[in-house]
Structure formats: C-alpha cells, structure tokens
Amino acid sequence: MKWFRIIGLQFEEILEYKLKSLVWLLLPVMNNLTLILFWTGAVFQKGEQTPLNSLTTYYFLMTICGLFLSSHVEYEVSELHIKRGGLINYLLKPISYYWMQLFEELPHRVLQAFYAVLIVGCIAVVTKSNLTLIIRPETFPLIVSIFIMGYLLSYTIKLSLAFLAFWIKEIGGISELFMIVSIIFSGGLLPIPLYPEVLKNIAHSLPFIYVGYFPVTSIQGLYSVEALLHILGMQIVWYMGILAVNRIMWVYGLRQFTAVGQ
Amino acid sequence: MNIAHILAYRVSAINGAMASTGWGLFQLAWVFMLTDRVQEVYGWSRDELVLLAMGYILVIGIFHFFFSRGFEDFSYVVNRGELDTYLLRPIDTQFLVSTLRIRITNIVRISLGLGSMIWWITYRQLPVTFEGVIMFVILALIGIVVIFSFWFFFSSLLIWYPNLNNLSDFLYTFNGFARFPVEMMLRTGNIILYLLVPLMLVVTVPVKALFWEFNPTYIFILCISAASLFVLSRMFWKFALRSYTSVG
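If you read the sequences in order, they're chains X and B.
Counted the way our numbering counts, the first sequence spans residues 1 to 262.
Counted the way our numbering counts, the second sequence spans residues 1 to 248.
Be a bit skeptical, because a hint or two may be false.
As the list claims (entries may be wrong) - No more than 20 angstroms apart at the CA atoms, straight line, and that leaves these computed lysine to aspartate or glutamate pairs for EDC-like:
{"no.": "1", "chain 1": "B", "residue 1": "K238", "chain 2": "B", "residue 2": "D84"}
{"no.": "2", "chain 1": "X", "residue 1": "K169", "chain 2": "X", "residue 2": "E79"}
{"no.": "3", "chain 1": "B", "residue 1": "K238", "chain 2": "B", "residue 2": "E82"}
{"no.": "4", "chain 1": "X", "residue 1": "K20", "chain 2": "B", "residue 2": "E72"}
{"no.": "5", "chain 1": "X", "residue 1": "K2", "chain 2": "X", "residue 2": "E12"}
{"no.": "6", "chain 1": "B", "residue 1": "K238", "chain 2": "B", "residue 2": "D92"}
{"no.": "7", "chain 1": "X", "residue 1": "K2", "chain 2": "X", "residue 2": "E79"}
{"no.": "8", "chain 1": "X", "residue 1": "K20", "chain 2": "X", "residue 2": "E104"}
{"no.": "9", "chain 1": "X", "residue 1": "K20", "chain 2": "X", "residue 2": "E76"}
{"no.": "10", "chain 1": "X", "residue 1": "K200", "chain 2": "B", "residue 2": "D73"}
{"no.": "11", "chain 1": "X", "residue 1": "K83", "chain 2": "X", "residue 2": "E12"}
{"no.": "12", "chain 1": "X", "residue 1": "K18", "chain 2": "B", "residue 2": "D92"}
{"no.": "13", "chain 1": "X", "residue 1": "K20", "chain 2": "B", "residue 2": "D84"}
{"no.": "14", "chain 1": "B", "residue 1": "K238", "chain 2": "B", "residue 2": "D73"}
{"no.": "15", "chain 1": "X", "residue 1": "K20", "chain 2": "B", "residue 2": "D169"}
What the hints assert, rightly or not - Pair by pair, the computed Cβ-Cβ distance ranges are:
{"no.": "16", "chain 1": "X", "residue 1": "G8", "chain 2": "B", "residue 2": "G43", "range": "15 to 25 angstroms"}
{"no.": "17", "chain 1": "X", "residue 1": "K169", "chain 2": "B", "residue 2": "Y244", "range": "27 to 37 angstroms"}
{"no.": "18", "chain 1": "B", "residue 1": "L100", "chain 2": "X", "residue 2": "K169", "range": "36 to 46 angstroms"}
{"no.": "19", "chain 1": "B", "residue 1": "T122", "chain 2": "X", "residue 2": "I236", "range": "28 to 38 angstroms"}
{"no.": "20", "chain 1": "B", "residue 1": "N79", "chain 2": "X", "residue 2": "V198", "range": "39 to 49 angstroms"}
{"no.": "21", "chain 1": "B", "residue 1": "N163", "chain 2": "X", "residue 2": "K169", "range": "22 to 32 angstroms"}
These are calculated hints, taken from the structure and not from any lab test.
The beta-carbon is built from N, C-alpha and C at its ideal position, and this holds for glycine as well.
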C-alpha cells in the first residue's frame with residue numbers, strides 16, 4: 001500500500017508542475033522530429049537502402065520509449081540527496097532507498113510517455129506518417145518484460161552514476177559525458193544497423209542498447225520469440241551485474257556520507 | 001571575476017570543460033554518423049554538412065562562452081527574488097543578466113569548432129577564400145544576435161514562471177535547429193515551422209558565405225530577424241519586468 005501512496009504523491013507533484021513536465025517532453029520530440037525531417041531530404045549513396053517509413057517509425061517510437069525508459073534520477077540523488085545531505089531523510093525511513101527512488105521516479109516516466117504517445121500520435125496523424133507496429137500475442141509478454149527490464153536497467157545505471165557523488169563532489173561533467181555516450185550507443189541518433197562497423201560492435205558490448213534500440217525495435221516486430229528471449233536474457237545479465245556494482249557502491253558510499261552536506 | 005570563480009571552484013571548472021569538450025565531440029560524431037551513407041541532404045553535399053556542424057560548434061561555443069551561463073542562473077535569480085540587485089545597478093539589466101557570468105571553459109569548444117573547420121577545409125581542399133572568412137565572421141556575429149534574442153525572449157517568461165528552471169535545457173535543444181540546412185524547414189510548407197527559419201539561418205548563411213555563395217533573401221531575413229528579434233526581446237523583457245514582484 002505504501003508504494004501506491006508514494007506513486008500517488010509523485011503524480012500529484014508532477015501535475016502541480018505541468019509546464020515543467022511539458023518542457024521535458026518537448027526536448028526528445030524536437031530532436032527526433034528534426035531527424036525525421038533530415039532523412040526526408042536525404043539522397044543515399046548508390047546501393048544504400050534505408051526505407052523512410054521504417055526510420056520514421058523508429059524515431060517516433062524512440063521518442064516515446066526514450067521518455068519512458070530513460071531514467072533521470074542522477075541529479076536528484078547526487079545533488080539533493082548526497083551533496084546537500086538530503087539522503088538522511090531517506091535513511092531514517094523503514095523503506096529501501098533503491099525502491100523508494102524507483103517508485104518516486106516511475107510516475108514521471110509513465111506520465112511523460114503517456115503525453116508523448118498523444119503528441120507523437122497527433123503529429124503522425126497530421127503528417128500522415130505510416131507507423132508500423134507489430135506485436136503478436138506470443139511476443140506480447142516478452143515485449144512487456146523487455147520494457148520493464150529496460151527501465152530497471154536504465155534506473156540502476158543512473159543510480160550507480162549518481163552514487164559517484166559519495167566520492168566526487170561534482171559529477172555534472174561526468175554525467176553529461178555519460179549521457180552523450182548513452183545517446184550514441186543506445187541508438188538515439190540512428191538505428192544501430194546503420195552505424196559504422198566499429199561503433200556497431202561497441203554498441204553491442206555495452207548495456208545502453210538494451211535500454212533504447214532493442215525495446216524500440218522489439219515493438220517494430222523485428223524479432224522472433226527466440227531473439228526476444230535472448231534480448232531479455234542479456235538485459236537480466238546486465239541488470240544483475242550493474243545491480244551488484246550498485247549495492248557495493250551503496251555500502252561503501254554510505255561510509256563516506258556525513259549527512260551534513262558537502 | 002570569472003577567472004577567480006574558476007580558481008575557487010576548480011572541480012566545477014574541470015566538469016564544465018569536460019562537458020563542453022564532450023558536447024563538441026558529440027556534434028562531430030553526430031554529423032559523421034548521419035552523413036556516412038548519404039550523398040546529399042536538401043542540396044547540401046556531405047562536405048558542406050560536415051562544415052555546417054563544425055561551424056555550429058564554433059558559433060554556439062561563442063554564444064555559450066558569453067551568455068548561456070547567465071541565462072541558466074536566471075531562473076534561480078528570479079525565483080529567489082534576487083533580480084532586485086541587478087535592477088538597482090547603474091547598468092543595463094538585459095546586458096548585466098546575460099553577461100555577468102561567462103563560461104570560460106567553453107574556450108575548449110570554440111577551439112574544437114575552429115580547429116575542426118580549418119582541418120576539414122584543408123583536408124577536403126574546399127574552395128574557401130579570405131573574403132569568405134571575413135563574411136563568415138560578420139554573418140556569424142549577426143547570427144549570435146538572433147540566438148541571444150531568442151534566449152532572452154524565452155527567458156523573460158521566467159518572470160511569470162520562475163519554477164521553470166528547465167527552460168535553459170529547452171533552449172539548448174532549440175539551438176540544435178541551427179545544425180540543419182534551412183531548406184529542411186522551408187520544404188515542409190508548414191507556416192509554424194517557418195518561425196524557426198531565422199534560427200536555422202544562424203549558421204547556414206555564414207557557412208555558405210565561406211564558399212562565397214550568397215542567397216540575398218536569406219541574408220536579408222537573417223539581418224532583419226536579428227534587428228527585430230533583438231528589439232522585440234527587449235520590449236518583452238521590459239513588459240515582463242512590470243510583473244516582477246521581487247519576493248521570489
């Protein structure tokens with residue numbers, strides 16, 4: 001029951017600051033729409049086949065999935081909780097900090113994704129874009145699981161990044177560099193198969209691809225049940241590994257925490 | 001004063017330099033990846049598109065060096081009712097608010113933009129003339145006035161909505177339109193998107209001038225936009241100040 005209460009309170013807060021929420025929503029919408037417009041006017045090299053319809057669907061879905069799956073917990077945790085000492089309020093509560101933060105952030109993601117569906121839907125109708133979604137009954141539970149794991153993975157990665165603030169006071173620069181790397185290797189610029197070979201290989205060896213590219217392409221119907229199971233398995237492996245690192249950082253980080261701010 | 005600030009907050013300065021370098025390199029990676037498989041986009045060749053992205057790094061780097069830090073702090077200044085201290089000083093408030101804090105670490109981004117442009121022009125042996133470089137500088141400065149005016153216009157909204165502290169994030173993304181060829185918006189036929197045309201001319205016009213290619217209509221729109229947007233942003237700022245309560 002307490003988790004529902006936490007989620008409810010967060011929804012109240014988001015609805016209090018509607019304009020701020022709208023601004024966060026507009027950022028990926030603007031970015032991805034300009035990329036669609038860019039590809040509309042592109043003349044490809046001879047032999048290159050990149051169907052515009054598939055790219056449009058990809059960017060529309062990337063907008064929605066990006067808002068839903070990309071956690072942005074790092075500023076609040078590193079700056080407000082660790083650097084300014086607000087963490088003490090959470091430590092005194094009989095609730096896991098990991099889950100508390102997750103349930104505090106989840107309403108933001110859900111609401112933003114909901115708004116994004118409305119806006120992207122309107123844009124798709126106005127521009128007469130043909131979006132192709134293929135979700136079969138046998139793949140539906142797997143796709144839902146991939147989305148849940150995608151969010152958990154993104155959240156745990158960002159929380160671990162924020163925990164660096166236990167040792168480094170100012171993580172703004174690292175956080176921005178991290179964001180750049182994650183945009184590139186999650187498929188935020190282009191679908192991964194269109195990347196140069198080297199970058200494609202790097203992308204497949206990092207966890208970001210399981211937060212962006214694979215969830216998006218899974219609802220485009222690109223994978224068989226076996227392939228979806230493989231993606232889900234890899235997400236779980238990455239999640240367990242990063243969660244282990246996260247727990248170690250938490251235990252050792254708390255020893256650095258003075259509760260009076262830094 | 002700004003150098004003293006950097007020396008006092010060294011870790012913050014290192015962070016700023018890292019972020020600045022990162023975003024500059026991101027722009028380069030972005031354009032090379034996007035143009036890897038294309039011959040041309042909206043009539044722009046790959047060489048021109050790459051130079052456009054590099055020109056964007058340079059122009060935006062200069063803008064961020066002088067202005068963006070002041071705009072970023074603006075929400076906090078208004079929210080805490082501290083704008084009074086600026087209004088009471090015997091200097092133009094619009095100038096003071098936007099330039100009090102400059103971001104020296106952006107020198108890295110400016111160097112990256114300039115260096116990559118010189119490298120690309122010489123590596124690809126692009127036909128750039130000295131006169132073209134002079135025109136690039138003049139038109140880029142006019143372009144910066146356009147960006148400044150847009151930022152100031154939107155930032156004035158903070159007088160009414162001081163909690164909107166993510167407005168600067170929006171404006172950073174808004175700047176991104178300047179990375180693309182202006183023809184991209186013109187071919188949409190959408191009147192609302194035409195409002196973005198002045199912003200998209202900020203880098204495209206100077207980059208075309210490097211090759212001594214001039215579109216009189218684009219230059220006219222850029223100059224008129226710079227003058228009118230500057231006046232408009234100033235009027236809007238003064239209008240917004242009437243609603244400032246000075247209590248945060």
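Results for each hint:
For the proposed pair B/K238 and B/D84, the alpha carbon gap of about 14 angstroms is at most 20 angstroms, so the pair holds. With a C-alpha separation of about 9 angstroms, the suggested pairing of X/K169 with X/E79 holds against the 20 angstroms cut-off. Taking the CA atoms of B/K238 and B/E82, the gap is near 17 angstroms; set against the 20 angstroms cutoff, the hint holds. Distance hint between X/K20 and B/E72 is fulfilled; the C-alpha atoms sit about 15 angstroms from each other, no more than 20 angstroms.
A distance of roughly 15 angstroms separates the Cα atoms of X/K2 and X/E12; the hinted pair therefore holds under the 20 angstroms criterion. Distance check on the hinted pair: B/K238 and B/D92 sit about 11 angstroms apart at the alpha-carbon level, within 20 angstroms; holds. For the hint pairing X/K2 with X/E79, the CA-to-CA distance comes to about 26 angstroms; that exceeds 20 angstroms, so the pair is violated. With a CA separation close to 17 angstroms, the supplied pair X/K20 and X/E104 stays within the 20 angstroms bound.
For the hint linking X/K20 to X/E76, the alpha-carbon distance of about 16 angstroms falls within 20 angstroms, and the restraint holds. For a cut-off of 20 angstroms, the pair hint linking X/K200 to B/D73 is broken: about 39 angstroms separates their Cα positions. Restraint check: the Cα-Cα separation between X/K83 and X/E12 comes to about 26 angstroms, which exceeds 20 angstroms; the hinted pair is violated. As the CA atoms of X/K18 and B/D92 are separated by approximately 33 angstroms, the hinted pair breaks the 20 angstroms bound.
Note on X/K20 and B/D84: the hinted pairing is violated, with a Cα-Cα distance of about 25 angstroms set against a maximum of 20 angstroms. Of the supplied pair hints, the one linking B/K238 and B/D73 holds, its CA atoms being roughly 19 angstroms apart against a limit of 20 angstroms. Simply put, X/K20 and B/D169 have alpha-carbon atoms about 11 angstroms apart, close enough for the 20 angstroms limit, and the pair holds. The supplied range of 15 to 25 angstroms is broken by X/G8 and B/G43, whose beta-carbon atoms lie about 53 angstroms from each other.
Evaluation of the 27 to 37 angstroms hint for X/K169 and B/Y244 yields a pass: the beta carbon distance comes to about 34 angstroms. Checked against the hint of 36 to 46 angstroms, the C-beta distance between B/L100 and X/K169 comes to roughly 24 angstroms, which is inconsistent with it. In this structure the supplied range 28 to 38 angstroms is violated for B/T122 paired with X/I236, their Cβ-Cβ distance being about 50 angstroms. Between B/N79 and X/V198 the Cβ separation comes to about 46 angstroms, which falls inside the hinted range of 39 to 49 angstroms.
Distance hint check for B/N163 and X/K169: the Cβ-Cβ separation is about 26 angstroms, which falls inside the suggested range of 22 to 32 angstroms.
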